[in-house]
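2 protein chains.
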Amino acid sequence: MIKELINNLSSKEEIGEFIEKFQPYDLAEMVTDLDDKEQIVFFTNIPFDLGAEIIEYLEPELQYRLLDHIEKKIAITLLNHMSSDKAVDLLLAIHPYQAKILMEFLPKEYREKIKTLMTYEDNSAGSLATVDYIGARKHWTIEYTLSHIRKVGQEAEIVSYVYVIDTHGKLTGVVSLKEIILAKPNQKLEEIAKEDMITVLVDEHQEGVADTLAKYDLVAIPVVNTSHRMIGIITVDDLIDVIHEEATEDIQKLGGSSPLEEAYFKNSVWSLFRKRIGWLLILFVAEAYTGNVLRHYEDILDQVIALAFFIPLLIGTGGNSGTQTVTTLVRAMAMGEVEFKDIFKVMRKEVSTGLLLGAVMGVVAFIRAEMLGVGFDIGTVVAITAICIVIWASFVAAVMPLILHKLKIDPAVVSGPFIATLVDGTGLIIYFTMARLFLNI
Amino acid sequence: MIKELINNLSSKEEIGEFIEKFQPYDLAEMVTDLDDKEQIVFFTNIPFDLGAEIIEYLEPELQYRLLDHIEKKIAITLLNHMSSDKAVDLLLAIHPYQAKILMEFLPKEYREKIKTLMTYEDNSAGSLATVDYIGARKHWTIEYTLSHIRKVGQEAEIVSYVYVIDTHGKLTGVVSLKEIILAKPNQKLEEIAKEDMITVLVDEHQEGVADTLAKYDLVAIPVVNTSHRMIGIITVDDLIDVIHEEATEDIQKLGGSSPLEEAYFKNSVWSLFRKRIGWLLILFVAEAYTGNVLRHYEDILDQVIALAFFIPLLIGTGGNSGTQTVTTLVRAMAMGEVEFKDIFKVMRKEVSTGLLLGAVMGVVAFIRAEMLGVGFDIGTVVAITAICIVIWASFVAAVMPLILHKLKIDPAVVSGPFIATLVDGTGLIIYFTMARLFLNI
Numbered sequence: 001m002i003k004e005l006i007n008n009l010s011s012k013e014e015i016g017e018f019i020e021k022f023q024p025y026d027l028a029e030m031v032t033d034l035d036d037k038e039q040i041v042f043f044t045n046i047p048f049d050l051g052a053e054i055i056e057y058l059e060p061e062l063q064y065r066l067l068d069h070i071e072k073k074i075a076i077t078l079l080n081h082m083s084s085d086k087a088v089d090l091l092l093a094i095h096p097y098q099a100k101i102l103m104e105f106l107p108k109e110y111r112e113k114i115k116t117l118m119t120y121e122d123n124s125a126g127s128l129a130t131v132d133y134i135g136a137r138k139h140w141t142i143e144y145t146l147s148h149i150r151k152v153g154q155e156a157e158i159v160s161y162v163y164v165i166d167t168h169g170k171l172t173g174v175v176s177l178k179e180i181i182l183a184k185p186n187q188k189l190e191e192i193a194k195e196d197m198i199t200v201l202v203d204e205h206q207e208g209v210a211d212t213l214a215k216y217d218l219v220a221i222p223v224v225n226t227s228h229r230m231i232g233i234i235t236v237d238d239l240i241d242v243i244h245e246e247a248t249e250d251i252q253k254l255g256g257s258s259p260l261e262e263a264y265f266k267n268s269v270w271s272l273f274r275k276r277i278g279w280l281l282i283l284f285v286a287e288a289y290t291g292n293v294l295r296h297y298e299d300i301l302d303q304v305i306a307l308a309f310f311i312p313l314l315i316g317t318g319g320n321s322g323t324q325t326v327t328t329l330v331r332a333m334a335m336g337e338v339e340f341k342d343i344f345k346v347m348r349k350e351v352s353t354g355l356l357l358g359a360v361m362g363v364v365a366f367i368r369a370e371m372l373g374v375g376f377d378i379g380t381v382v383a384i385t386a387i388c389i390v391i392w393a394s395f396v397a398a399v400m401p402l403i404l405h406k407l408k409i410d411p412a413v414v415s416g417p418f419i420a421t422l423v424d425g426t427g428l429i430i431y432f433t434m435a436r437l438f439l440n441i
Numbered sequence: 442m443i444k445e446l447i448n449n450l451s452s453k454e455e456i457g458e459f460i461e462k463f464q465p466y467d468l469a470e471m472v473t474d475l476d477d478k479e480q481i482v483f484f485t486n487i488p489f490d491l492g493a494e495i496i497e498y499l500e501p502e503l504q505y506r507l508l509d510h511i512e513k514k515i516a517i518t519l520l521n522h523m524s525s526d527k528a529v530d531l532l533l534a535i536h537p538y539q540a541k542i543l544m545e546f547l548p549k550e551y552r553e554k555i556k557t558l559m560t561y562e563d564n565s566a567g568s569l570a571t572v573d574y575i576g577a578r579k580h581w582t583i584e585y586t587l588s589h590i591r592k593v594g595q596e597a598e599i600v601s602y603v604y605v606i607d608t609h610g611k612l613t614g615v616v617s618l619k620e621i622i623l624a625k626p627n628q629k630l631e632e633i634a635k636e637d638m639i640t641v642l643v644d645e646h647q648e649g650v651a652d653t654l655a656k657y658d659l660v661a662i663p664v665v666n667t668s669h670r671m672i673g674i675i676t677v678d679d680l681i682d683v684i685h686e687e688a689t690e691d692i693q694k695l696g697g698s699s700p701l702e703e704a705y706f707k708n709s710v711w712s713l714f715r716k717r718i719g720w721l722l723i724l725f726v727a728e729a730y731t732g733n734v735l736r737h738y739e740d741i742l743d744q745v746i747a748l749a750f751f752i753p754l755l756i757g758t759g760g761n762s763g764t765q766t767v768t769t770l771v772r773a774m775a776m777g778e779v780e781f782k783d784i785f786k787v788m789r790k791e792v793s794t795g796l797l798l799g800a801v802m803g804v805v806a807f808i809r810a811e812m813l814g815v816g817f818d819i820g821t822v823v824a825i826t827a828i829c830i831v832i833w834a835s836f837v838a839a840v841m842p843l844i845l846h847k848l849k850i851d852p853a854v855v856s857g858p859f860i861a862t863l864v865d866g867t868g869l870i871i872y873f874t875m876a877r878l879f880l881n882i
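Chains as they are written, first to last, in the working numbering: chain A, 1 to 441; chain B, 442 to 882.
Next comes chain A alone, as it looks inside the complex (with noise of 0.2 angstroms):
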C-alpha cells in the first residue's frame, strides 16, 4: 500500500484517487512510513480538512517538523482545522519556542481560547475540552439554526448536537440534532431543547467525565466552568481513549509497579526501572520482616527441618488466594460496584469463599504432606495452616482496598504482591503456632 501511495504522489489527482480508499487512520499510518520530502508532498496535494484529520493522529514531533516545513500557507490551514483539544495536546508537547511559532498561525480570538484551554491541568475535564462545536441562541428557528450549522459544521468536531447558548456563555440548553431534523423549520430552538442536561466541570478528573458519559450515553459532554459558563465539549472518542488508559493504569498498579505514562515501547530501561523499583524496595522491606519470625522459630525449624519443605508451599498459597480476591475487588471498586458502606456483606462474602477455599486447600495440603512422607502430625499442620492462611488472606485483602479508600488512598495500591507480602508473615506465624501446639515443641 504504501508502494502504491509513493507511485501515486505525482500529481494531485492520483492522490485524490488513492486516499479515496481509506480512512483518515489508515492514511495517517502509512503517512509515517514517508520520507520528510513525501510527506510534504502528500499534505500539499490533499485536501486541507482530510490533512487536518490524518495529522491529529501522529506523534506531536511530526506533527511539528511537517507544519515546520510546509509550505506557510498550508501550515495555518491545517493547524486552524486541527480539533482544539488536538491542536493543546500538540502546543502543550512540543518545545514553548516551537508553540510560540506555531501560535501565530492562529487568528487572535482563536489562539486565546486555546491559550485558555492549554491552562487547564492534565487529566481534567479541561484538559480534553475542544471548543469545535456548534452553539445556538435560543430564539433560533429550526431553519436559521440548520442554516447555521451548514455554515460552521464543516469546523465542528462533532454535530451530534447544538449547544443554546446564551449572551453571558452561560450553556441553557441542548438539542439533539436527531431532534433538529424531526422538528418543524418554525419552531424555535427553546421549544424544543433541553434544560436539565448533563455537563461536567472543568477541573473534574477524567475518570469521572468518562463515567458519567458511560452511565447516560452520551456522545459528546459540554465543560462548564463554576458559573455554568460553556468551555467546550468532550467527545466520546476522546474519552475512550480515557477509559483505556484508566483500566491499563489500575492493572499496572495491581501488578505492583508505579503506573507507566507512555506507551511501553516508549519507555526506557531507565523509566521502566524507576517505575518499579519504589514498590519493590517498599515490598522487600515488608517483607523483610519473615526473616525475624524465622530466626525467632529457629529452634522449631532446628528439630523439624521437615517443616521448612512447605514454607513456600504454603505462603505461595495465602499469597495467591489474596490476590484473586483484591484484584476482584478493587477492580469492583473502580466500577462502582463496591463501595465502603459494604464492607461488612464483602467480608462475609470473601470469608465464606475463603472457608470453602480453604478447605479444599487444607485436604490438598495434607495428601501433598503425606506424599513427601513427612508422617501424620506434620501433615495435619501443614493442612490446617493451609485453611488459616487462606481464610485469612482472604479476609485481609477483603478488607485493605476498602479501608485505603475510606482513607482516600486509591485502592488500586494494594496490589496482589503487597497482599501477597502482608500475608507471608503472618502465614509464617500461623504455621509456627500450629507446629508447637500440634508437634508439642
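If you are wondering where the hints come from, they were derived from the structure by calculation, not from laboratory data. Any given hint could be a false lead.
What the hints assert, rightly or not - Capping the alpha-carbon separation at 35 angstroms, the derived lysine-lysine pairs in DSBU-like fashion look like this: (1) K188/A - K707/B; (2) K215/A - K786/B; (3) K619/B - K21/A; (4) K184/A - K707/B; (5) K266/A - K656/B; (6) K406/A - K707/B; (7) K592/B - K215/A.
Starting from the structure of chain A, add chain B where the hints point.
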C-alpha cells in the same frame, strides 16, 4: 427524590413535570426503588418512548415483570420501542416460555429479525447489533432522505449515519448526518456516500469490534455477514460497556482467577469459589515441587539453618518483580502495543531493567542479611541470589506471555500468581546452588 416521585405519581401532568428534570438513567434508578404497583403507574403515565428508554436500563427480571403486569397495549408499545439489541438481551435472559409470550407482542417481520439476532453467539458482533438504523437507497435525493429520516428517525437508535443498502440487502455506502445537512437538497446520496467504509463481520469477537471503533473514532459501526449483507449496527455506548468488561476480565485473569460473568455482588459465594478454586489448585500443584527442591537440599539447610530465614524474602522479591513485568506486558499486548515479533526487543528491555533492579535489590539484600547477623558469606549468597532471581523473573515474565500468545493461548492466563509460582521453585534452586558454591558445602 424518590419520595417526590411517589407524591407526583397521582396525575399524568405531575409525572410529566417531574420526569422533565431527569435523565432516563436517573429515572431508571428511581424506578427500582418503587414498589410493584407504583412502577406500573409510572410506566402507564409517561410517554412510551421515554418509557422504553428507561426500561432498557433495568434488569431483565424487572423488565419482564413490568411488561407482564402492565396493560397489554402499553407493554406492546414499550417492547416495540426498545432498541432491538436490548430487546434481544431481555429475551435471552428470561425463561424461554416467558420469551415466547413477549415475542407475541412483536409484529411478524420484526419478530423474525429479533429471532435472527438471538442466534448470534454471545460476545460476537452480531449479539451487540441493533436493527434500529436508518437505511436508504443510493438514488435518493438529500431532500427525500431527510423526509425519510423525519419519518423513521424517532425509532432509530442513533441517527449519526444513514446506511445505503442495495435491493439485495447489501451495504454499499455510508453517509453521516452531518454530510447530509451540508449537502444540497437535490444531490443524490450516491454522490456523497462513502463506499470504502469500516465494517465488522457478524461473528467477530466484541473485543475486536471495540478496537476497530476506537481506532477509527466512530460512534457506530455497521455489522455485515460474509456476503456483505447488512445485519445491523453497533453503537458506541454498547462498546464502552464492552471495553469495561474486557478490562475487568483481564484484571481478574491477571489476579489468577477465572473471570466473573457478572457484577461482583451478583456472584454467590459458590460462584466465587468455583471461579477461584481451579487456578488455586493448579498453582498449588505447580508450587508443590518447591517441597521437593527443599528436601533435595535438606543437608545444606540442616547445616546452615540461617539460609531458611531468607527463603520467603528471596522468592517473594522474585515474584514481585515478575508480577510487575507480566502485568505491564499483558496489558500492552491487549492494547496492541506489543506483539510476538517484538519478543527480542521485549527481552532486551526487560532483562536490562532486571539487571538494574537486581543490582539494587542485591545491595539491599546484603544489608538485610548483615542486619540479621548471619555473617559475610551468607550475606553474599543472599545478595547474589537476589540479583539472579530478579533477572530470571524478569526474563520469564517477559517471554511467557508472548510465547503463549503465539500458541494462541490468552496471555492473561500468565497471571502474577502464575509467574510468582514459576519463579519460586527455580529461585530456590538458584539459592541453594549459590549456597553450595560460596559456602563450600
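- Task: Please flag the earlier hints that this structure goes against, numbers listed from lowest up.
- Result: 1, 2 and 4
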